[in-house]
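Note that the protein sequences, when read in sequence, are chains A and B. Number 293 marks the last residue of the first sequence (my numbering); no jumps. Number 580 marks the last residue of the second sequence (my numbering); no jumps.
I should point out that these hints are in silico values taken from the structure, not numbers from a laboratory. It should be emphasised that the depicted structure is a prediction, and the values quoted were computed from it without experimental measurement. Using N, Cα and C, we set each Cβ at its ideal position, and we do this for glycine too. Heads up, a few of these hints could be off.
[Said to hold, decoys possible] So the derived label-pair ranges between C-beta atoms look like this: (1) B/LEU427 x A/LEU6: 53 to 61 Å; (2) A/ASN213 x B/ASN404: 25 to 33 Å; (3) A/GLN4 x B/ASN498: 31 to 39 Å; (4) B/ASN404 x A/MET1: 22 to 30 Å; (5) A/ASN89 x B/SER443: 26 to 34 Å.
[As the list claims (entries may be wrong)] Stretch-level coverage of chain B by chain A, calculated; a stretch enters the list once three of its residues show a Cβ under 8 Å from a Cβ in chain A: (6) 385–393; (7) 500–510; (8) 543–550; (9) 555–562.
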Amino acid sequence: MLSQQLLNALSLGSVYAVFALGFTLIFGVLGVINLSHGVIFMMGSYIALQLVTLLHLPIVLALVVAAILSGLLAVVIDWLVLRPLRARNAPHLAPMIATIGVSILLTSLIQGLMGAEIRRFPSGTLPEESITWGDLHITYVQIGIMVIAIMMMVGLWLLMKKTQLGRALRAIAESPKAAALLGIPVEKLFYCTSFMAGSLGGVAGVLVGLSFNAISPFMGQPMLHKGIAVIILGGMGDIRGALIGGLFLGFAEVFSVAYLSSDFRDAIAFGLLFLILLIKPSGLFGRILERKA
Amino acid sequence: MLEWLETFWSTYNTLILSIGINSLLALSIALTLSCGLLSLANAAFMGIGAYAAATLTMQFNCPFELALILSILTPVCVALLIGLPTLRLSGVYLAMATLGFGEVLRVVIMNIDFIGGPMGLNGIPNLTSFWHVLAALLLVVYLLWRLKASKVGRAFVAIREDEVAAKLMGIPVMQFKLLAFSLGAGIAGLAGGLNAHFTYTIGPNSYAFENAVEILTMAVFGGANSLLGPILGGTLLTLLPEVLRGLKEYRLAVNGLVLILVVLYLPNGLWSGKSRRIKKSMTSVQG
Numbered sequence: 001m002l003s004q005q006l007l008n009a010l011s012l013g014s015v016y017a018v019f020a021l022g023f024t025l026i027f028g029v030l031g032v033i034n035l036s037h038g039v040i041f042m043m044g045s046y047i048a049l050q051l052v053t054l055l056h057l058p059i060v061l062a063l064v065v066a067a068i069l070s071g072l073l074a075v076v077i078d079w080l081v082l083r084p085l086r087a088r089n090a091p092h093l094a095p096m097i098a099t100i101g102v103s104i105l106l107t108s109l110i111q112g113l114m115g116a117e118i119r120r121f122p123s124g125t126l127p128e129e130s131i132t133w134g135d136l137h138i139t140y141v142q143i144g145i146m147v148i149a150i151m152m153m154v155g156l157w158l159l160m161k162k163t164q165l166g167r168a169l170r171a172i173a174e175s176p177k178a179a180a181l182l183g184i185p186v187e188k189l190f191y192c193t194s195f196m197a198g199s200l201g202g203v204a205g206v207l208v209g210l211s212f213n214a215i216s217p218f219m220g221q222p223m224l225h226k227g228i229a230v231i232i233l234g235g236m237g238d239i240r241g242a243l244i245g246g247l248f249l250g251f252a253e254v255f256s257v258a259y260l261s262s263d264f265r266d267a268i269a270f271g272l273l274f275l276i277l278l279i280k281p282s283g284l285f286g287r288i289l290e291r292k293a
Numbered sequence: 294m295l296e297w298l299e300t301f302w303s304t305y306n307t308l309i310l311s312i313g314i315n316s317l318l319a320l321s322i323a324l325t326l327s328c329g330l331l332s333l334a335n336a337a338f339m340g341i342g343a344y345a346a347a348t349l350t351m352q353f354n355c356p357f358e359l360a361l362i363l364s365i366l367t368p369v370c371v372a373l374l375i376g377l378p379t380l381r382l383s384g385v386y387l388a389m390a391t392l393g394f395g396e397v398l399r400v401v402i403m404n405i406d407f408i409g410g411p412m413g414l415n416g417i418p419n420l421t422s423f424w425h426v427l428a429a430l431l432l433v434v435y436l437l438w439r440l441k442a443s444k445v446g447r448a449f450v451a452i453r454e455d456e457v458a459a460k461l462m463g464i465p466v467m468q469f470k471l472l473a474f475s476l477g478a479g480i481a482g483l484a485g486g487l488n489a490h491f492t493y494t495i496g497p498n499s500y501a502f503e504n505a506v507e508i509l510t511m512a513v514f515g516g517a518n519s520l521l522g523p524i525l526g527g528t529l530l531t532l533l534p535e536v537l538r539g540l541k542e543y544r545l546a547v548n549g550l551v552l553i554l555v556v557l558y559l560p561n562g563l564w565s566g567k568s569r570r571i572k573k574s575m576t577s578v579q580g
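Next comes chain A alone, as it looks inside the complex:
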């Protein structure tokens, strides 16, 4: 029983981590809270759903296409909404409100186009039997989620630490102005970051759509809340923090439902967030709270 809960927690936590990685990447590099990350997550799962139901693509291919398209969507949002604000040097409230606007707009469009009801992947999208090992049941979805999540996390980590691109991104995170003076094409790399973050969000959307098999226009908002909790828990802009924060939230939710009560499941994320902010506002791994002199 305990090992089953551990497994469930691990797969749930991995999804949270993938989602939060994109969220934290945007904050780390661009320095803004992109509240449209939740709808990009939602769009990712709708794109995959459409590809599977209309074009009968295999789910793996649909996942890749959804990742690319949601990445592009994030770039478009960045270009249309965040770039003008960057150019104007707007206060941090502005991008938050503007991306809330993007969320409302896209949620409403999808609701109008696809209907508000909950959609499902057609049966047979994934092998439905599970592997039984003792009294432990592992579904193929869970295995897929964990493999994909680990791949993306390791990939992102290698990218940030070992490549020239990662070095440039870290330089921008430190100071966009100094990075620009050093000849780093800052604006181009902002788009690049948005693309990566959008892809991570979209992939998380597909994974959630597969594991809960419930896709709705409103799935982005609760996920966004959890993402916020995770990145504050782990320290904003910190990749390792998003990873551990995501897993931690997964474990906290699964174990509170299993051993306490399901009534307070949705309050767990924010209860934790509230506590962390009171005790250590910079998060578990955060270094700086604000850059103001």
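Take the given structure of chain A and dock chain B to it, following the hints.
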């Protein structure tokens, strides 16, 4: 004439009262913003006010006016309690923490059976009249207008512009932040108490993230720097869905679009509070 007025009122009374309530809410968040605090807890405070007032009139047969006063005082007390630890945070961290407070509160309300749990409270007596809303709005506007011109109002602006400089000038930053936060909570609570007594029913989900955002939108859209701005924003954004009724499910899309366009092209809102008087006084200081 009188007959026409009567039919007009019976058709549009909910809408007119909603305009007043939403203007109050927009003013409440404009007040906290004027001190540089981006708080997303005002929907939660509205909920606390609504629940406090509705419980009092329904369970304890409390007179409406007294219930309204308590719908101000209860959220103020809660704001003082949660403000002390959270207001140490700034910028986005404060926004996130207050958002967290709203979510936790929602779940807590859902699990208290005394106030209806997930079903909320139903059959709240219809006690709010036009005059209640008008009086509340006038009172709040007068209060905020006096506040703006006072030492306190100027201290708020100083804190918003530069917290460190304000502290160095001897302004007790924490106390003033707490004051702005709890005053905003009180106004939002009053709006909640008034609102509960003409909507017949309230529930834990009526005061969630979306509502916090809506309140913020109204203030930013109208112009959070002035007193007229939030009222203008509250009025227009209450009317907008009625005007756009033909668009059906795409109505909200227009709301989202308006929000984006305002942030991009009207950073100070429709009614920018940068009055000529201040500009003049600035130049006169320089020259």
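Query raised in the report: Hint numbers the structure violates, sorted upward?
Result: none
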